[in-house]
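Using the sequences and the hints, build the whole thing.
2 protein chains.
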Amino acid sequence: MSKSTARVVFTPSGRRGEVPVGVTVLDAARALGVDVDSICGGRGICGRCQVEPSSGSFAGLSVDPGNLGAVGAVEEGYRQRKGLAPGRRLSCSAVVLGDVAVEVPASSRVHKQVVRKRAEARDFRIDPVVRLYYVEVAQPSIDAPSGDLERVMAALAAQWQLAGLAAADHVVRDLQAALRSGDWAVTVAVHDEAAITAVWPGFHDTAYGVAFDVGSTTLAGHLADLATGEVLASAGTMNPQIRFGEDLMSRVSYVMARPGADAELTGVVREALDALVGELTETAGVSRTDVLEVTLVGNPIMHHLVLGYDPAPLGTAPFALATDRPVRMPAGGVGLEVNPGARLYVLPCIAGHVGADTAACILSEGPHRGEAVQLLVDVGTNAEIVLGNRDRLLAASSPTGPAFEGAQISSGQRAAPGAVERVRIDPATLEPRYRVIGSELWSDEPGFDEDVAATGVTGICGSGIIEAVAELFLAGVVTGDGVVREVPGSDRVVADGRTFAYVLRRGEPELRITQLDVRTIQLAKAALYAGSRLLMDHLGVDEVDQVRLAGAFGSHIDPKYAMILGLVPDCDLTAVSAAGNAAGMGALMALLSAADRAEIESATRTVEKIETAVEPRFQEHFVAAMGIPHSAAAYPRLRAVVEMPEVEAATAGSRRRRVTRRGV
Amino acid sequence: MSKSTARVVFTPSGRRGEVPVGVTVLDAARALGVDVDSICGGRGICGRCQVEPSSGSFAGLSVDPGNLGAVGAVEEGYRQRKGLAPGRRLSCSAVVLGDVAVEVPASSRVHKQVVRKRAEARDFRIDPVVRLYYVEVAQPSIDAPSGDLERVMAALAAQWQLAGLAAADHVVRDLQAALRSGDWAVTVAVHDEAAITAVWPGFHDTAYGVAFDVGSTTLAGHLADLATGEVLASAGTMNPQIRFGEDLMSRVSYVMARPGADAELTGVVREALDALVGELTETAGVSRTDVLEVTLVGNPIMHHLVLGYDPAPLGTAPFALATDRPVRMPAGGVGLEVNPGARLYVLPCIAGHVGADTAACILSEGPHRGEAVQLLVDVGTNAEIVLGNRDRLLAASSPTGPAFEGAQISSGQRAAPGAVERVRIDPATLEPRYRVIGSELWSDEPGFDEDVAATGVTGICGSGIIEAVAELFLAGVVTGDGVVREVPGSDRVVADGRTFAYVLRRGEPELRITQLDVRTIQLAKAALYAGSRLLMDHLGVDEVDQVRLAGAFGSHIDPKYAMILGLVPDCDLTAVSAAGNAAGMGALMALLSAADRAEIESATRTVEKIETAVEPRFQEHFVAAMGIPHSAAAYPRLRAVVEMPEVEAATAGSRRRRVTRRGV
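Chains as they are written, first to last, in this note's numbering: chain A, 1 to 664; chain B, 1 to 664.
No lab work stands behind these hints, which were simulated from the structure alone. Warning: the hint list may mix true and false statements.
Residues of chain A clear of chain B, computed beta-carbon distances all greater than 12 Å [as the list claims (entries may be wrong)]:
no. : residue
1   : Asp27
2   : Glu52
3   : Ala407
4   : Leu430
5   : Glu445
6   : Thr574
7   : Val623
Label-pair distances were calculated between CB atoms; the ranges are [unchecked claim]:
no. : chain 1 : residue 1 : chain 2 : residue 2 : range
8   : B       : Ser250    : A       : Ser602    : 53 to 63 Å
9   : A       : Asp444    : B       : Gln139    : 52 to 62 Å
10  : B       : Ala263    : A       : Gln139    : 24 to 34 Å
Ideal Cβ placement from N, Cα and C applies to all residues, glycine included.
As structure tokens, this is what we get:
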């Protein structure tokens with residue numbers, strides 16, 4: 001008499017148990033609670049449930065791949081149609097005939113990790129908000145006059161144990177056509193295990209999502225496969241609202257001066273986002289109707305303008321948000337032509353100046369997940385600052401103004417091809433060399449002029465200004481309290497009215513660093529430092545364990561120069577790093593994972609909001625931080641690796657100090 | 001020492017208890033679970049919480065209206081502003097100082113009955129799906145940067161114990177404006193105790209709903225106050241789809257022949273419904289934005305066309321509905337310009353031929369509520385038939401064709417001013433007299449011609465045909481098997497080709513009852529009877545306790561003539577009555593009561609659907625029912641009160657029978 005049960009071990013989960021001989025591996029997995037993906041429900045169509053039988057001995061169990069039985073017609077049909085790697089079996093076709101050990105590869109699991117390239121950041125967690133289910137539906141009968149929808153619901157309950165589902169309005173009509181053209185088999189998308197949101201005739205196995213990062217200057221989007229997490233296309237475009245105002249506050253002023261103008265700003269940004277969807281789907285070669293999920297992050301004003309909320313209350317104290325919770329609505333509600341059942345998820349805002357983009361940065365960089373005290377800085381028109389660890393998290397916005405974006409700087413411009421982004425100044429000769437966005441060459445290297453011929457050298461972006469001022473400080477041209485000194489005999493430092501300016505580039509356009517530019521940068525960096533320092537006071541720490549610089553500015557800036565100038569508090573240089581497009585990454589994480597949504601919602605509910613405008617200590621820190629660097633004792637860890645001019649404690653009035661000119 | 005508690009009795013509920021001296025009557029009511037309405041939450045603004053203190057002795061308790069304390073400033077302000085009937089107090093201002101008995105009038109209760117004029121029908125039950133709540137909301141503060149929405153949610157939780165509410169998409173933006181223009185006080189509409197759907201600045205106390213009955217021929221709507229149930233306006237209009245086909249099946253054929261044409265039919269009916277909303281709100285003098293709830297009923301094809309579902313599957317077997325459950329969606333989804341948060345509720349359909357209009361008739365007439373076996377018949381293009389009682393309910397559709405609507409009849413027309421609706425024929429002289437819709441006079445009464453001059457006499461509607469054929473049968477002109485006999489010497493019965501016709505009216509237009517007309521009516525009435533009889537077979541009964549004739553046809557027809565002709569089974573004449581616009585009443589009931597929605601959903605889930613087309617017994621009953629009346633023994637109860645010609649059992653071939661000409 002043959003044994004009536006067999007032992008099965010699933011790896012890597014380690015789940016094991018006895019199952020009746022003759023059941024499929026997929027059914028065995030379900031019985032044992034092992035996560036194995038399937039869209040077709042075990043019909044050998046989707047190929048999502050692939051497993052790899054192992055041989056040898058597993059924890060005392062001798063297993064044999066042959067115990068999975070022979071490859072049958074369904075499995076062979078799949079192999080011929082779509083291909084199946086050697087050693088792989090369809091778990092819905094493979095039958096357990098004896099003891100087996102079965103490896104479930106990550107690609108066959110619904111919930112999985114996807115490795116990110118950057119080592120510091122957490123891997124992507126795939127925990128789909130939308131899943132596809134293939135069902136074969138009873139045909140209507142004159143004897144049992146139930147509705148199409150109800151027969152689909154019955155099939156989902158019987159074949160997938162999905163009960164109590166709602167259906168989006170358009171689904172009823174779509175089902176009518178899909179059932180008939182699909183010969184009473186359809187694939188449905190189920191959102192959040194609660195509602196049918198889309199339907200296709202027959203078998204359908206592609207579902208995509210778009211993650212948007214809506215910046216004041218740039219709109220960026222990523223298109224990803226919701227099942228695998230693979231990013232199939234990325235694209236960016238200028239925010240068309242720029243024609244209503246270069247910076248956010250001028251757009252809010254535009255709206256406040258013109259009743260109804262917010263609808264105009266809302267309209268143009270929604271159009272641009274929809275155009276991005278078009279570009280992304282075209283690049284990836286997928287259909288707009290297969291886009292089922294959209295996430296969006298942005299600062300509070302962009303958040304409000306995209307959602308059609310009035311941004312005016314954000315323009316004046318008390319900077320009241322319309323809502324600080326996540327917004328869930330149909331993606332069509334913001335004008336996106338995607339699947340009519342596609343949902344939009346907008347990450348929560350934290351405060352009137354700290355938006356969903358900051359929430360996304362937190363999700364990506366994870367200060368709330370570790371023990372290390374992380375300072376997370378996102379520099380834009382203003383700077384959003386988050387400080388803390390798993391025990392406590394604080395957030396604030398600091399009024400840096402747009403200088404770090406190149407605005408309000410005499411030769412400044414946005415970070416774009418042609419902008420100076422890196423600057424080195426020989427401390428002996430004061431001769432500069434620089435690099436511009438769009439070229440890998442320094443200005444003193446052969447071929448530079450040809451390399452930048454297409455764009456020209458058009459101005460200095462934020463990171464270029466930072467490096468220029470820092471290098472001028474290191475070269476002794478700019479003093480510790482920010483004065484551009486006269487340098488007799490140098491043709492690089494020239495009179496500029498009653499002050500002096502440094503000529504970075506001669507010709508057309510001539511690029512200068514003026515006294516006013518240095519003062520503007522001093523104000524901006526003092527505000528940024530003061531914000532960080534205020535949060536440190538609240539947290540009760542004197543130093544931070546790591547600094548993450550998010551956003552385009554954070555990616556372009558060299559951490560060393562940020563610290564030389566005193567933008568961020570002292571820290572081991574190796575612990576200061578760019579976070580890249582952390583907001584966009586956070587949006588992508590929320591796109592792929594319901595658990596990540598829950599995590600950031602929980603984190604933002606507990607984050608403590610600090611309003612810099614009402615904190616007297618912010619003003620104290622701000623005034624004290626105006627110098628370069630603002631305190632001789634403030635950067636012991638930086639000074640351990642970078643030789644810097646020795647300066648006295650800076651005060652607004654002091655003019656005399658020792659300056660030692662040394663190279664870095 | 002004064003007593004610290006007092007006894008309070010509320011009538012008519014009889015609830016009683018001890019409360020601390022000094023609490024308001026409203027708080028006492030809430031503590032004792034007594035239903036007292038309030039929108040303003042006890043601020044003396046809304047006046048919904050009025051009560052009447054009683055004096056004397058209540059169940060051993062000696063009470064004194066003086067124990068409610070003096071009228072204070074808030075209450076006096078309300079009295080001067082809005083008026084307060086003598087003896088009435090605002091329960092939110094009146095304070096319990098000693099033992100009191102308090103009457104809560106129906107108008108002060110959230111849940112209440114509204115008496116219907118027709119004694120047979122159940123009173124309206126008010127059990128609002130939407131309620132208004134006035135809240136005073138914390139102002140935003142720079143120290144506590146929560147969103148507008150979250151502060152409103154907090155106020156609703158604190159002031160109304162409403163937690164876990166969702167908010168419709170547009171509400172967030174509306175709240176921004178309303179909070180600021182309402183000085184941080186708003187009124188919100190909460191739908192189904194689950195979601196905020198609308199918002200007004202400050203105090204707002206009007207919420208309306210519209211109930212639609214979407215017929216193939218006529219669209220009708222009622223506008224009602226959702227709190228009181230009062231119908232403020234009613235209006236009707238022609239269904240503009242008539243230009244695509246007079247009857248339903250020709251409209252379905254139009255759609256089936258032209259891909260995309262269903263969108264055209266959907267568009268025109270939605271436009272007409274929205275125009276009705278305009279007419280209703282204008283007549284009632286209310287704002288479209290105060291319309292928060294819409295219900296809709298219709299036959300399956302109209303149901304599908306309004307909702308944008310494809311009606312084509314309803315045109316051929318197996319007549320599959322897109323959905324048989326109730327449909328809930330935003331009212332804007334069917335093109336109604338009402339409050340953007342207004343919801344649409346469409347009653348469930350029962351089967352491919354038995355629609356939401358029949359569900360509404362059931363809700364109105366309540367066969368499922370009583371012990372009496374009720375036959376509920378709604379005659380339109382086809383007839384929907386419901387039979388049963390609280391134990392068991394069956395439904396079917398019978399293919400009567402449109403003859404009862406005046407179609408396919410030589411002089412037929414729809415029931416409209418100018419149409420003959422009543423007919424009497426002198427059995428001795430065969431001279432007719434008749435009445436037309438729009439006049440109260442018979443054609444032989446003085447002033448008739450002047451009275452109908454405006455419309456003229458244009459044709460014969462369904463009820464007119466029924467009466468004419470029945471009278472011709474009673475007069476011996478039409479035989480028991482439907483032959484129009486030659487009557488020598490009469491100038492009313494004339495040769496008409498190879499058959500004979502009766503001339504009802506001479507002149508322009510001449511109105512005749514032809515042999516073909518009689519045959520058409522025979523077919524229609526046999527189908528109707530056979531359907532009823534089939535359901536009786538299934539239910540296992542030989543007679544019914546009451547017959548309700550719904551719809552326009554049912555309202556115009558004289559039950560006696562319906563039975564003489566054999567449209568419905570034998571029954572006590574006093575138990576046969578018109579149900580009026582039962583479908584419209586059902587839609588209105590569902591508009592005003594969540595409990596009624598639950599009731600009809602439950603009833604339609606259990607109703608047994610009988611498909612006449614596949615039942616051999618239907619054909620047998622149909623053939624047997626062709627005679628007038630179809631069986632000598634079939635109408636003992638009718639024959640007890642109406643003298644009728646004695647006829648043999650009718651068979652299709654029989655031509656000879658005894659006919660006794662007797663008057664009624």
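*Numbered hints the structure breaks, given as an ascending list*: Structure breaks no hint.
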